[in-house]
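As a plain string of letters, each chain reads:
Number of protein chains: 2
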Amino acid sequence: LIGSVKITKFSGGVSLISCLNLPFLSPAAERLRYILGEDDDMPTPTLFTEMDTLQHEGDELEWKESARWVKFEEKVEEGGERWSKPHVSTLSLHSLFELRTCLQTGTVLLDLDGYSLPQIVGEIEEGMISPDLREKISFVLLRKHRHQTKKPIHRSFADMGKSSSSASELFFLLCCLPGHAQSRSMNDIADTPSTDQLKNKFMKKIPRDAEASNVLVGEVDFLTKPFVAFVRLAQATTLGGLTEVPVPTRFLFVLLGPQGKAKSYNEIGRAIATLMVDDLFSDVAYKARDREDLIAGIDEFLDEVIVLPPGEWDPKIRIEPPKKVPSAEKRLDMYPLGLMNGTAGGGGGLVEDEMPVPHELGEELAFTGRFCGGLFLDIKRKLPWLPSDFYEGFHIQSISAVLFIYLGCITNAITFGGLLGDATDNYQGVMESFLGTALAGTVFCLFSGQPLIILSSTGPILIFEKLLFEFSKNNGIDYMELRLWIGIHSCLQCFILVATDASYIIKYMTRFTEEGFSSLISFIFISDAIKKMVGAFKYYPINTDFKPDYVTAYKCECLAPDPKLMPSATLCNCQDMPLNVTGLDWSQLSKKECLKYGGSLVGKSCKYVPDLALMSFILFFGTYSMTVSLKKFKFSRYFPTKLRKLISDFSIFMSIMTFVGLDMLMGLKTPKLIVPTEFKPTRPDRGWLVMPFGKNPWWIYLASFVPALLVTILIFMDQQISAVIVNRKENKLKKGCGYHLDLFWVGVLMAACSFMGLPWYVAATVISIAHIDSLKMESESSAPGEQPQFLGVREQRLTGILVFVLTGVSIFLAPVLQFIPMPVLYGVFLYMGVASLSGIQFWDRIKLYMMPSKHQPDFSFLRHVPLRRVHLFTLVQITCLAVLWILKSTFLAIIFPVMILGLMGVRKMLDMVFSQHDLAWLDDLLPEKEKKKKEDDKKKGKDKKKAKPDDSEDEDKYHPYSNCSPSSESDVDRRYCVLKLHIPYKDLIYPSVAQSQWAAHCQATPRHRP
Amino acid sequence: LIGSVKITKFSGGVSLISCLNLPFLSPAAERLRYILGEDDDMPTPTLFTEMDTLQHEGDELEWKESARWVKFEEKVEEGGERWSKPHVSTLSLHSLFELRTCLQTGTVLLDLDGYSLPQIVGEIEEGMISPDLREKISFVLLRKHRHQTKKPIHRSFADMGKSSSSASELFFLLCCLPGHAQSRSMNDIADTPSTDQLKNKFMKKIPRDAEASNVLVGEVDFLTKPFVAFVRLAQATTLGGLTEVPVPTRFLFVLLGPQGKAKSYNEIGRAIATLMVDDLFSDVAYKARDREDLIAGIDEFLDEVIVLPPGEWDPKIRIEPPKKVPSAEKRLDMYPLGLMNGTAGGGGGLVEDEMPVPHELGEELAFTGRFCGGLFLDIKRKLPWLPSDFYEGFHIQSISAVLFIYLGCITNAITFGGLLGDATDNYQGVMESFLGTALAGTVFCLFSGQPLIILSSTGPILIFEKLLFEFSKNNGIDYMELRLWIGIHSCLQCFILVATDASYIIKYMTRFTEEGFSSLISFIFISDAIKKMVGAFKYYPINTDFKPDYVTAYKCECLAPDPKLMPSATLCNCQDMPLNVTGLDWSQLSKKECLKYGGSLVGKSCKYVPDLALMSFILFFGTYSMTVSLKKFKFSRYFPTKLRKLISDFSIFMSIMTFVGLDMLMGLKTPKLIVPTEFKPTRPDRGWLVMPFGKNPWWIYLASFVPALLVTILIFMDQQISAVIVNRKENKLKKGCGYHLDLFWVGVLMAACSFMGLPWYVAATVISIAHIDSLKMESESSAPGEQPQFLGVREQRLTGILVFVLTGVSIFLAPVLQFIPMPVLYGVFLYMGVASLSGIQFWDRIKLYMMPSKHQPDFSFLRHVPLRRVHLFTLVQITCLAVLWILKSTFLAIIFPVMILGLMGVRKMLDMVFSQHDLAWLDDLLPEKEKKKKEDDKKKGKDKKKAKPDDSEDEDKYHPYSNCSPSSESDVDRRYCVLKLHIPYKDLIYPSVAQSQWAAHCQATPRHRP
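So the protein sequences, as listed, match chains A and B. For the first sequence, the positions run 1 to 1010 when full-length UniProt numbering is used. For the second sequence, the positions run 1 to 1010 when full-length UniProt numbering is used.
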């Protein structure tokens, strides 16, 4: 029987020849289905595997730990006395076959009642005849275990003995090295964990419910044939110092053999250890009823194994653990046991990848058809999360997020405040900007549907205000009152949009539109930062002709004006001119004063300001590049992971601190952040409240409906696109979105701000993305070598609220904040713009233009869409962006939101240029197309089920949304028929007989599934 | 028989049980030994493998290329219509077994006389009975082949047809995309290569002698069982458009099967294709006599295969080709056929790495014992290379090397020239420095033993000159004459050292000393660059109190001195003071003039220089970081490899150009490179020749022997250590070294320079390393995916000569060179220092301090030496360096060479602290120790041979120099016995019988080798 099973499994090629003949499962697969199918509700514990090898330590024998596995292998570096990096266990095929034979012929004890090592050893040896041999084996198996944490002191002394000068050695050992690697041999007989075990820090890498499997391999001189035992204990038991950590042992594998084959034994030990940590095999090991179940487990393992050709790979290379490995569930689901074959070569093979998951906006954007239906659903959805929205904010990461976003916000508030002040003759200035940001932000973060969104002034609104102010001024209309009415109208319009579930149309916004919008915003950030920087060179002109030696030639003197040409005080608009102008000491006046009093500046150095421009550049560029470097530091090799993560999280803060420090050190008068210090409106002739009536004619109240419509479109688009970007599936948000609720609050704040004469606020894409990024959670990697997985975002309201409260408080923080040079903040701006570009597929595609195809990264869309189509698609996007950019730079900026609608139109036209297959990979499908295709697909699926399988290249087959369509299932069915068939031994030798009798049966019979 | 072979091979585990019983080879291994042993003198051609699959194109069938192999797999990206990156072929074990069965049961035709595809197809089908089937198969096999280079035009049109607007598509196709991927179906019947084939650029990636193997797999509806054929043609023949490149076909594998199993067929096709490009299997395929030989080849392949566990690896990942793969020779040598098993898991397994190759300085440094023996050997060794030393210099790379080193040299010449001028009161200035550098460098590069070494002034010599000048001045001795005599003595002493082969002692210089020396020099470079930069801030002080508004308060006026206090002209040492001092317009004077005429500068801005310091910093840091970034650009994904390499090679030049451009653009008066424009000594009172007699008393001529001794030691150490570093084994120099010859010429130049009053020159470590680095050659990667290998250095005299000729000519290049700002050159200095640190193991070890052990790179010494010993060793080195650094900063700098001797002493003492095993990994062994250990080892080896094998941990066993000792051979012997034995079938089923009878035999019998 043994021989026959083996042949069946490992001469699988035969199945090709006699494939269609025998439609039943191989016994191995059938066995596994049976035992694994039994009770899937109780998950088996994680296994920690330790391999010990028998070593001579002086004259004594002892077991020395040589490798361990949680998920990946860590080897004891023989000379290095340290753990290797976790790596993928590369095995030789041979050792696996040898292991298989070992289990076939050795002792297998399942569900042994063991309570101590001596008793277990006794049980193992039960079948042995020679008492002499039994005694010797017991002796060997009960030797002490030395784990890698410990290093015998006597050995160090021995080393020193070898080298004749021990004094210097001792000196170095005592003074220069941290006390590490102490030695203590332990008694294995104890059944309580030793202090050494308990102290082992490795324990935190092992899950709580873990059990241990111990592999003991070694060569002894008294055996002539190998002694093999595989033991599963009925209950996991702590067997003294057997394991390096206080984890109870469940499995024990012993291989003792004659001298001279240590390497071969080691390889077998590594093979069983690797098997024990395999998710599927460990399940089998827990549930096996007999020896044959274990063998079947190995056979299944071998079937799934991935093979590297010896000529293309150097076995000495340790393979780093991959980013992601297929989970046991996936392996079971995707390839129901025994269906795995023929797909293992997927990496290089012809197997298709998973299809892109279709763009899903979820039920949040479904059209309810009821009045305020969407709004009520939003509230219903978000309300249960409210408590957790607060307590989940208490985390160290929140601090760095708050700092980062706070700095972004005040920079924004100052920038836009300054610009708005210019544009509206200080009706809205920095003070209003701070107050408005704090008010709107806090309210929004408290009550909105998506508290991760950060509100801010945006460019289009700035332009609108500018045009509106000019219009009012030229036509003698009161600006603040007009603005209030526009705000009221716009607020009502927002309410109408909310009540009618109008956010529904966001569904038509695909990746194409989103990316276009967010790239544009990023470019604006980048170009603004650079413009500001270039501005510094204009504001502080450098005297390029300066010759150090001719310093005597440079001065700037204030000359009194010619008394004859002296302007009368009425012409001069300086109210506080001193009475005795003529009595002034002109040479003592500052530049401003001089000009104020009508003096003229004469001299070569008047136009120039030394050092400040260059210093600003150094601060700007330094902040940017230090932030980038520190962000990357997370991936460096230096320092422990936690410290690196901390540095990376606080990179912006650290860069700002560094360059603020540098600036203070230099002491130059670089332009600093100016925060208003008194709580009063920027313009003294306005109050904190705007009255709705009295200054403008009545018809203005109605006519303001029209400009309000423009504002509404602007706000709606800006807000909702940012929301879609924030709610992207990649961010793995769990608490749902609230488009309608968000819009509602934006409307409310619109009106409120209008009444108080504050700027209007809307979602800011770049800062919101930065907010999300700074709150990303990663799994703490449990098993050594496992990559941390992105888990989601810390969704809460606390960071947002804190940011805006801080912004409000900033008015009182002026003494501290005034040390921050503006160029440093521009550097942060630049970083934000660049960082928000990096996550965008469009940007990745632009980079492809510059890469020869052989160097291009392995993007999944490149595997499926011809490069020239990808390039074409990117080119369309670039063109659209260029057009938008040009429009934005003209007065047309005010219809910016309409341009986004234009983008959606372009996307619609792309349906005519690109096939739906290509678009599914490069973009998402538009809703109606998607629907239609799905229907088509269903039909096709049905057709296919009826029709005979057809593998010719059919484009539709690869449509992403056909992911779980019947056609792919039937694929599995077919493979199943092809590859996993039990062939009696005689067929193997005479493969030509009886080949067609089962053919019809296989195609007609449905799959066997327990 | 078939079954039995299989069992033997793939139930290898049995060998464990019955290991020692059967000392003869498995039939597979024996077969291979026989056929591969036949005629190893004629190498088999490289195979290019192409796999085509059968596809429906519209209603027609055609063969479509789906993957190709030169060494690694490149797959046609199905949707992407492009080639994937080359990757390691990951196979499933299953497909390999299926392939094995295919070859067992299918048609195998070896040495078929084929001249055209139809004829070959006819031959294949000979055995078939049904003429109907024959016709159908012929029809399928003779379908057209479509290769990946071509894309059918009608398909593009079809795509457009699907999307309704073809006009826009056409527009984009015509105007925006490069004309790529043309389509032409070909006629396969032609026996001359088509133009498409000839035009294929991929041809250059395939070796000239290559032959093709074609794999054709597909499913057809008329077959009920698979049709398999493996054909080897007697002569490689071009079979029309079968292959994408005009390479004649030698092998043909056909697999046609029933519908529904395309994936399985594809995997089998990939398996045979991977086998065909395997070095060993392709040998077998060429030499196989029958079907069984091929099967044996597969079996051997399976035996060497590396297995990845399914739970630890995602089969979807494409594995990048490794840096290096074991060559076929190595695989054959290291594991004589059939001995490979049990070592495949080496990556993670317990197999030891190769040992470090012992430090070998070669016969160049052997003590000849004859007068001038070493010198004559050097000349004899170098003379034959003389012609190639010139013609090998003609390469594009030389240009960048010359530019790079030239800039380094003139920077050095100017820096040291300036410093020497200061130190010697202009007896030696910039002019002398240029002239001396050019003269000494040219002569040395023309005649020396190691023309890659660059001569330069060095720090220690500078200090010596300074002290000497002060001594002469204080004691009224003529400096130039004293210096001449020291030079003469030193030259003679060098000759004595050359004649006595004294360079022999360099042997005692291990990595420890070398690294200490070169790190020190690198640190000096780095610290000098930074010091110079900091100096700029002192030289151009920044006015940190400057307030832009108070620009009027800043001026610097020259006030006439108080006439009463006016110094008389005799006290003032300004000879050219104008006669009418009182008549001067003081306000028109420059700063210098003002001070010269005794005026005083008054004003707030007198002390300050605006902008220059910050601009200098930007230039300095910009040059450095741009060079670093451009150097790294070689490893980026952008642009074709050649362009990237060019950018990387010229990175320094490009950075210099960029920042020179920036500087010119800004127009600031940053300090520029000052090159002397007139050919005359710096000091007008000296000539170009120094007379040996007349100015000093006679005993000075003799007494100068003592300081000369110091200079000699200095020169000897500096020169020879740099030479050892340049001649490092890692640089793979092929033309041998010439320590004695080098020293001879340094001595000659010493005397020559002394006579002309020029500075003394000696090898400059950092610039020499930079020279080597800029001349490194890499293999052009032939097979896609293969990594380029470092081949060696372009060893020639041309670059060096050009550098120094250019340096000489620089005196006339002043108008161009004067645009280069000094900070840019300091940036280059900084880069040189940092870059020369990066190759040093010491530096790698310092970095280890900051890395948690799990992140440490996989250095081989870390696998063998405990981390704390590594740290201790590094600490000793750091301490030594710190002491050297402190000494260097004092007047003791003059005994710098003696300190290097001190380093050698410390190294000697380390022998007492560290075991020889650790030192062998971390450093090299000192000669006598090495000798002794070798002898010890021989003895031990002999002992071991006699003793029974012992695998307990024995430190000596891992000694690197025991690499090929008998003990390791006996290891192989043992493994051989263990793992590769033929077990009759009955033993498999009844493994317990007959186990001890052969035991004694195996241990006693010598290895079987044909």
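The hints are simulated quantities; they were obtained by calculation from the structure and are not laboratory data. A portion of the hints provided could be inaccurate.
With a straight-line cut-off of 16 Å between C-alpha atoms, the simulated EDC-like cross-links for lysine to aspartate or glutamate are [what the hints assert, rightly or not]:
no.: 1; chain 1: B; residue 1: K669; chain 2: A; residue 2: E557
no.: 2; chain 1: A; residue 1: K604; chain 2: B; residue 2: E557
no.: 3; chain 1: A; residue 1: K316; chain 2: B; residue 2: D585
no.: 4; chain 1: B; residue 1: K547; chain 2: A; residue 2: E593
no.: 5; chain 1: A; residue 1: K854; chain 2: B; residue 2: E77
no.: 6; chain 1: A; residue 1: K854; chain 2: B; residue 2: E320
no.: 7; chain 1: A; residue 1: K591; chain 2: B; residue 2: D314
no.: 8; chain 1: A; residue 1: K729; chain 2: A; residue 2: D773
no.: 9; chain 1: B; residue 1: K776; chain 2: B; residue 2: E730
no.: 10; chain 1: B; residue 1: K854; chain 2: A; residue 2: E77
no.: 11; chain 1: A; residue 1: K225; chain 2: A; residue 2: E125
no.: 12; chain 1: A; residue 1: K672; chain 2: A; residue 2: D685
no.: 13; chain 1: A; residue 1: K734; chain 2: A; residue 2: E778
no.: 14; chain 1: A; residue 1: K604; chain 2: A; residue 2: D528
no.: 15; chain 1: B; residue 1: K287; chain 2: B; residue 2: E77
no.: 16; chain 1: B; residue 1: K324; chain 2: A; residue 2: D314
no.: 17; chain 1: B; residue 1: K669; chain 2: A; residue 2: D221
no.: 18; chain 1: B; residue 1: K323; chain 2: A; residue 2: E320
no.: 19; chain 1: B; residue 1: K607; chain 2: A; residue 2: D549
no.: 20; chain 1: A; residue 1: K734; chain 2: A; residue 2: D389
no.: 21; chain 1: A; residue 1: K631; chain 2: A; residue 2: D773
no.: 22; chain 1: A; residue 1: K669; chain 2: B; residue 2: D283
no.: 23; chain 1: B; residue 1: K604; chain 2: A; residue 2: E557
no.: 24; chain 1: A; residue 1: K136; chain 2: A; residue 2: D221
no.: 25; chain 1: A; residue 1: K85; chain 2: B; residue 2: E730
no.: 26; chain 1: B; residue 1: K287; chain 2: B; residue 2: E30
no.: 27; chain 1: A; residue 1: K555; chain 2: B; residue 2: D549
no.: 28; chain 1: B; residue 1: K592; chain 2: B; residue 2: E557
no.: 29; chain 1: A; residue 1: K592; chain 2: B; residue 2: D111
no.: 30; chain 1: B; residue 1: K854; chain 2: A; residue 2: D221
no.: 31; chain 1: A; residue 1: K555; chain 2: B; residue 2: E730
no.: 32; chain 1: A; residue 1: K324; chain 2: B; residue 2: D314
no.: 33; chain 1: B; residue 1: K225; chain 2: B; residue 2: D111
no.: 34; chain 1: A; residue 1: K634; chain 2: A; residue 2: E778
no.: 35; chain 1: B; residue 1: K323; chain 2: A; residue 2: D314
Hints and how they fare:
With a C-alpha separation of about 25 Å, the suggested pair K669(B) and E557(A) falls outside the 16 Å cut-off, and the hint is violated. The hinted pair formed by K604(A) and E557(B) meets the criterion: a straight-line CA distance of about 14 Å does not exceed 16 Å. Among the hinted pairs, K316(A) with D585(B) is inconsistent with the structure: their alpha-carbon atoms are about 83 Å apart, more than 16 Å. In summary, the hint linking K547(B) to E593(A) is supported, as the alpha carbons are separated by about 14 Å, within the 16 Å threshold.
A hinted pair counts as satisfied when its Cα atoms are at most 16 Å apart, and K854(A) with E77(B) qualifies at roughly 12 Å. A threshold of 16 Å between alpha carbons decides the hint, and for K854(A) with E320(B) the separation of about 12 Å falls inside it, so the pair holds. A hinted pair counts as satisfied when its Cα atoms are at most 16 Å apart, and K591(A) with D314(B) does not qualify at roughly 71 Å. At most 16 Å may separate the alpha-carbon atoms for a hinted pair to count; K729(A) and D773(A) meet this at roughly 14 Å.
Between K776(B) and E730(B) the alpha-carbon distance is near 11 Å, which keeps this suggested pair within the 16 Å criterion. Pair hint K854(B) plus E77(A) holds up; C-alpha atoms about 12 Å apart against a cutoff of 16 Å. As the CA atoms of K225(A) and E125(A) are separated by approximately 15 Å, the hinted pair is consistent with the 16 Å bound. A C-alpha spacing of about 27 Å is found between K672(A) and D685(A), which places the hinted pair above 16 Å, so the restraint is violated.
Of the supplied pair hints, the one linking K734(A) and E778(A) holds, its CA atoms being roughly 15 Å apart against a limit of 16 Å. At most 16 Å may separate the alpha-carbon atoms for a hinted pair to count; K604(A) and D528(A) exceed this at roughly 32 Å. Between the alpha carbons of K287(B) and E77(B) the distance comes to roughly 34 Å, so the proposed pair goes past 16 Å and is violated. At most 16 Å may separate the alpha-carbon atoms for a hinted pair to count; K324(B) and D314(A) meet this at roughly 7 Å.
Distance restraint check for K669(B) and D221(A): the Cα-Cα separation of roughly 84 Å exceeds the 16 Å cut-off, and the hinted pair is therefore not satisfied. The suggested pairing of K323(B) with E320(A) holds, with an alpha-carbon distance near 15 Å, which does not exceed 16 Å. At most 16 Å may separate the alpha-carbon atoms for a hinted pair to count; K607(B) and D549(A) meet this at roughly 11 Å. A hinted pair counts as satisfied when its Cα atoms are at most 16 Å apart, and K734(A) with D389(A) qualifies at roughly 12 Å.
Between K631(A) and D773(A), the direct Cα distance comes to roughly 12 Å. Compliance with the 16 Å bound is thereby established for this hinted pair. For the proposed pair K669(A) and D283(B), the alpha carbon gap of about 77 Å is over 16 Å, so the pair is violated. Our distance criterion of 16 Å between C-alpha atoms is met by K604(B) and E557(A), whose separation comes to about 14 Å. Restraint check for K136(A) and D221(A): satisfied, since their Cα atoms lie roughly 10 Å apart, inside the 16 Å limit.
Taking the CA atoms of K85(A) and E730(B), the gap is about 27 Å. The hint is violated against a cut of 16 Å. About 14 Å separates the Cα atoms of K287(B) and E30(B), which keeps this hinted pair within 16 Å; it holds. The straight-line distance between the Cα atoms of K555(A) and D549(B) is roughly 13 Å, inside the 16 Å bound, and the hint therefore holds. Among the hinted pairs, K592(B) with E557(B) is consistent with the structure: their alpha-carbon atoms are about 12 Å apart, no more than 16 Å.
Distance check on the hinted pair: K592(A) and D111(B) sit about 99 Å apart at the alpha-carbon level, beyond 16 Å; violated. Between the alpha carbons of K854(B) and D221(A) the distance comes to roughly 37 Å, so the proposed pair goes past 16 Å and is violated. Proximity of K555(A) to E730(B) is assessed by CA-CA distance (about 61 Å); at most 16 Å being required, the pair is judged violated. Between K324(A) and D314(B) the alpha-carbon distance is near 7 Å, which keeps this suggested pair within the 16 Å criterion.
Of the pairs offered as hints, the one joining K225(B) and D111(B) is violated, with about 26 Å between alpha carbons and a cut-off of 16 Å exceeded. With a CA separation close to 13 Å, the supplied pair K634(A) and E778(A) stays within the 16 Å bound. A threshold of 16 Å between alpha carbons decides the hint, and for K323(B) with D314(A) the separation of about 9 Å falls inside it, so the pair holds.
The structure fails to meet hints 1, 3, 7, 12, 14, 15, 17, 22, 25, 29, 30, 31 and 33 from the earlier list, while all remaining hints are met.
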